[in-house]
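Order-wise, the sequence lines are chains A and G.
Number 341 in the working numbering belongs to position 341 of the first sequence; there are no gaps in the numbering.
Number 46 in the working numbering belongs to position 46 of the second sequence; there are no gaps in the numbering.
Don't read these hints as lab results, they were simulated from the structure.
Among the hints, erroneous ones may be present.
Any copy will do: because identical chains look the same in the list, a pair fits if it lies in one copy or spans two.
With a straight-line cut-off of 35 Å between C-alpha atoms, the simulated DSBU-like cross-links for lysine-lysine are [as the list claims (entries may be wrong)]:
#1 Lys315 - Lys9
#2 Lys30 - Lys283
#3 Lys417 - Lys283
#4 Lys30 - Lys205
#5 Lys9 - Lys205
Read off the chains here:
Protein chains: 2
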Amino acid sequence: MAEMIRQDKTARQLRLLSDAIDSGRLGPVKRMVQTLSPAEIGNLLESMPPHKRNVLWGLVDPEDDGEVLLHVGDEVREGLIADMDQDELVAAVEDLDIDDLADLVEDLPDAVINEVVRSMDRDDRERLEQVLSYDEDTAGRLMNPDVVTVRADTTIDVVLRYLRLRGELPDHTDYLFVVSKRHQYMGRISVASLLTSDPNTPINKLIDDAQPAIDVNESSTEVARQFSDHDWVSAPVVDDGNVLLGRITIDDVVDIIREEAEHQALSAAGLDEDEDMFSPVHKAFRRRLIWLTVNLGTAFLAASVVDQFSPTIEKIVALAVLMPIVAGMGGNSGTQVLTLMVRGLALGQIGASNVWFLLRKELSVALINGLALGVFLGVIVLIWFHQPMLSLVIGCALLFNVLTSAAGGVLVPLALKRMGFDPALAGGVLLTTLTDTMGFLGFLGLATLILT
Amino acid sequence: MAEMIRQDKTARQLRLLSDAIDSGRLGPVKRMVQTLSPAEIGNLLESMPPHKRNVLWGLVDPEDDGEVLLHVGDEVREGLIADMDQDELVAAVEDLDIDDLADLVEDLPDAVINEVVRSMDRDDRERLEQVLSYDEDTAGRLMNPDVVTVRADTTIDVVLRYLRLRGELPDHTDYLFVVSKRHQYMGRISVASLLTSDPNTPINKLIDDAQPAIDVNESSTEVARQFSDHDWVSAPVVDDGNVLLGRITIDDVVDIIREEAEHQALSAAGLDEDEDMFSPVHKAFRRRLIWLTVNLGTAFLAASVVDQFSPTIEKIVALAVLMPIVAGMGGNSGTQVLTLMVRGLALGQIGASNVWFLLRKELSVALINGLALGVFLGVIVLIWFHQPMLSLVIGCALLFNVLTSAAGGVLVPLALKRMGFDPALAGGVLLTTLTDTMGFLGFLGLATLILT
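Construct all of the structure, not just a fragment, from the sequences and the given hints.
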């Protein structure tokens, strides 16, 4: 229900905008776009076929262009950037925060980057270079160097006067960071405590130093975990020497959480979370073709197993009729186990201490389900084909395949992870290969032994 | 890589704890647990088989019990609560925030709720009743009634003095809410502006009233969308008459975002995001059995299609060998389209304005891929079986099935959504039924026409 309401809201905006663009009434479109946040505009751009997307993009306030570019997937972004000339691009990105600019750098033409860097002051240029020197997907790339720091040997009153002089705080400033003379991180002091404590209170009485700062080389996944485990809004980032380099804020972390959670759903189908739903056919077909060709390879493997049993099938054609059932049920039950495992691995919930318990549990569940479904299927097949031995064969084959797929569902993702592959991406293909080949081998092999 | 590092960290904690529990050295376990946040403890509890989980649960500081219960999935939570006696439960939950207590109410025994409610003052009791009066998955259930409000006709100085008197601010207070005499929401004033503006500035000069408050009946999905579209840390909630009822904070929103994104990955395999990975076998097998039985039904449908063509298969047994390929490729290509559509629908990116474009695009992609793979498969089959007509039949059948599955991938989730079903849950089963039956029908039908 909740999802439907949401869909209705965004879809309504989408319909209004689409209709207006179709009819050429661009005035109302422009006014509507001005009321939207960059993220909302980004979502609408992602929801439009290329020709409409370009019209809408042309109507976005040039001041918002940079922020909007940050809120669309990689593929859509490339298309939008290709549609802009150099001056427009420079104007769009030159006012962005350093961390946001760093996100865009690799998508921008060199000429644009050079121009933007030339217009920066020396401080900002050094900051950008610093942020870019860290690996993608690390805290260093997520952090913004713009932080408010205070010294421990002062009072709230002094800090309040300093803040009034400063005039503005960076977004999401819930803590100020206390640093030493050498700019080393000593702890944080909440904005709330500045507001509620007596102005004469010394800062060092209010310091919260329970939580160490984030290491600049920490992975973004671990950063996201820490934010959601501790309900942080912002957190300090330091180098090896504990020198404060910048801070990470919750808005960037929410994007990571969303991306990582989407990754499991999309990569199970061989898709990339940055795929443009409306990408041109010539781009889309190539990506899909690679995935389908991999799957064709596994299908050939299954077919070659069946091929070994051609003589048996020739005698008992009912086997061909029942083949899809055994393979399909193995695939379904294995996928359930695989999906739970992939999530558990992503959350760090699975390790040597519990994997044997999991395997035993899944095999027990598979044993019960395999027996129940095997008997059920056996009875149906008996009624259908009136051959008691065939009914026995398919019942046993189903049990065997459900057990195999449970073991595969637990062990395949673990093995992939250990070998450095992404279980979310490769797990499904490998598991299907396993359940198909083992399913056909069990069913047709047993049939050959018992029925011929 | 990022995921592996994360896994390593949590898995290391898990291994340490597991080993310590195994060896019975509970002192170190207790000390380690005291350094962890409730969310981290919750994650570790979810990562343990029942017997270890109960040991760890007994070592958690009773003061943290309530917070930890909030950070585990429904099924794990039920188990933990079942393990506690009434006094422990009352002690665990009586100090929780109203909104958090409301989350737990339905899992708690009536006796515990009555005891907790009795110990509350009248204000809190009324607040709890109010929060519970709203539907689950609405803003009303997410909000916390504890808000800091100020009046417009005063100055910063007065507000600062009031805050010092108040002494403490609720977590994540980045804005104070300005209300009228009748407690109607008028706008918000940032904590940053309180710190940086001159103390004599009148509040009404600093009010930010650009964004309307969230309606108390708004769906939690829409609340999450607004938070991430506007980078909010907190937002006000009002009733029909614009009276301020409470506020929602980013920590609860992050949980919603995570759950909704996981929903797609898990429900595609017929799983619930609240499933306990270590649930007892007698619980797990029942849930899985229901899903497998549904899938068995669709497998029977596919088998009965094959059954119609038994005479053809009897003559040409190669058809049985190649059957899995045609059906499998249709399933794979259809699943890609389905996965993109399910995500697009969840994000509200698909509507009447773009669905025809999407259908045309996916059919074009399927046409190219179907032709390419059809020719490729045809050549392989020609080399394998030396039957040109068979090779023609399978090539055409593959093309037909890839096209069917693309159309199904677009239309099945749309139809499900329109009928009020969850496309993420039912889409896969329906699409597989379609691609299996149409795949076999196309392949075996064509073979019957041309080869016999």
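Checked hints:
Taking the shortest Cα distances, Lys315 and Lys9 never come within 35 Å of each other, neither inside one copy (60 Å) nor across copies (57 Å). Taking the shortest alpha-carbon separations for Lys30 and Lys283, only the intra-copy value of 30 Å comes in at or below 35 Å, while the best inter-copy value is 55 Å. In this assembly of identical chains, the alpha carbons of Lys417 and Lys283 lie at most 35 Å apart whether taken from the same copy (30 Å) or from different copies (28 Å). In the homo-oligomer, the alpha carbons of Lys30 and Lys205 lie at most 35 Å apart only across protomers (29 Å), although the nearest pairing inside one protomer, at 52 Å, exceeds that limit.
When the C-alpha separation of Lys9 and Lys205 is checked against a cutoff of 35 Å, the pair qualifies only between copies, where the shortest distance is 33 Å, while the shortest distance within a copy is 49 Å.
In summary, the structure is inconsistent with hint 1 from the numbered list given earlier, while agreeing with all the others.
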